[in-house]
Amino acid sequence: MIEVKQVNKVFNKVVAVKNVSFSAARGEIFGLLGPNGAGKTTTLRMIYGLCKPTQGELLVDDLNVANNTQQVQKRMGVLPDGGSLYTRLTARENIRYFGEMQGMSRAAMRSSIDKLSTILDMESIIDRRTAGFSQGERMKVKLARALVHNPDYVLLDEPTNGLDVLTTRAVRDLLANLKAEGKCVIFSSHLMHEVANLCDRVAIVAHGEVSIQGKLNEVMQSANTENFEDAFVHYAYARPEQHEA
Amino acid sequence: MLKLLNVIAKKEIIDALRDSKSLASALLMPMVTAIALFGSINLAVSLQTPSDSIKLPIAGSKNAQPLIERFAEAGIEVVPAPENPEQAIIDQQWDAVVIIPEDFADEFRQQKPAQIELLSDHSRTAAMSKIMKIRAVIEQWSAEIGALRLINRNVDPTIFRVVQVQNINVTSDQRVALKIIGGLPLVIMLTVFSVGIGMASDLAAGERERRSLESLLINPITPTTAFIGKALATFAVAFVISTIGIGLQLIAVNQAPLAELGIRLSMGFGTFILVILLVLPSLVLATAVQLFVSFIARSFKDAQAYNVLVVMIPMVPGMFLMFNSGASEFWQMLVPILGTSALLNDLLSGETPSLLFVLLAGLSAILAAVIFGLMGISFLKREKTILQ
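Chains as they are written, first to last, in our numbering: chain A, 332 to 576; chain B, 1009 to 1396.
Because the hints were derived from the structure by calculation, they are not lab data.
There could be a bad hint or two in this list.
[To be verified] Simulated crosslink set (DSSO-like; lysine-lysine; CA at most 27 Å straight-line): (1) B/Lys1120 x A/Lys344; (2) A/Lys405 x B/Lys1389; (3) A/Lys336 x B/Lys1389.
Can you build the whole structure from these sequences, using the hints too?
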């Protein structure tokens, strides 16, 4: 269980995240939604321990992230916003590097890379150096890198950004599989149809605050609409005001 | 932690070895300096060694036959002078021309100072050794004739000598040799400080610029582990390249024709190993400084620009020692780089540096490396560094 409890984050007097609380359990896909600059990435960064909250606490399996960063990071697979691959290494070497840092054995790593390579349809590129990879190919390698150690918690910041239809479908299937395996997935996205297809529950963040959270149909009901995108626009661009669906 | 350090260092080394451009440019500098050393020693030797046979055009040689004979005894071949001696020197046909005027014989007989003109171009340093030799022969002959004249007058010629300076050279041959190849210790230190620049810039500033630092630190490794792992990789690659570079530089010096100056210079495999051991702590310091500077820089380009300034660090003690040559002193050991540079001077001069000095110089460099390492780690721990 990931628990975010009344978390604030201030950068040089700028409030990036304000009193954010939500929780995500194993076996569910939780969508963290909001317009650009709403505070999604900062919130995710606090969950995976690269950013310390100014106030509040974040717990992963009851472990306080700020005090047990490495232990928490061992349970997490993260696809951060942006970032790049090591272009002089092959796709396999990129993935293996992260697996090794997670302390995996060679055998476990080999089978995990083979499995991910099949799921993400990367067999033809797995032993190629990543310089010159297309955006979709780079995203696949980054996803595989995040998942190689079979983490219990998966945090994905805009995982389907710039992907073609087939790759998007592969990612969608992968997330559904993760959920079926009892993993907890938190992902942020701009693409509302993705969210509507995948997420069990969502939190919509606007101006650093959670404006509403709950199940998809509850959010839509609360916004008096049957279209999730309309509900998103309603809460993401409204003035900050807490709603509970 | 050891396992993680190994994982990070291994990845960085593979990454660096595949960056053929950076690797080639890192190797280029020590190779070029080795060739430059070889060339400059050859040049220095050719400037200082008078050529075997000197041909000297003399106008009016019949006017001073005994002097002409003396030139022949000294191995200087007298040839007829060109028509316009001055122009011949300007045209670089001759380095020097001697003109003995018609009245030389008369003045000589009357025991007056007889004039001889020695024409040469003082701006041509390459000709100076020849001219010195010609002048020495003339002066020697003049002194001998003068002494004979005094004996004729029953005067002891030694009375004419107020002071006799005796040149006693107390330095070893090798120190004299080092004077000639004075730049070698500095070249070695410059090699140590330059070979890691490309790699340090890439794996620190490059990582920040590509925004892959965040992805790296999402893994269960601390910034300390990341920094030390990267430092180990840089050190390992820089060590191999500087070992090759220093080896080439010593070979270049060994192959240079120093023996023509009558100087014996022994820089065998033992010296090579000792030089490498001596510069190891400085290599650790160079790595720490370069990595620190590269993490502070926002881009690969900035890091390279800053690191070029880092290369200047060993220039200061190097220059100091070039103008203050002599055996190393205790206080120098307490200043990182200066101590090692001074000990390199000693070692290459054929002296065995004291173990205490070696340890102190090493310790001061390592201490400075630790300080830079800690500053680098604390910089890497800042959220701003990781997230920007």
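Exercise. Could you tell me which of the hints above the structure violates, numbers in ascending order?
Key: 1
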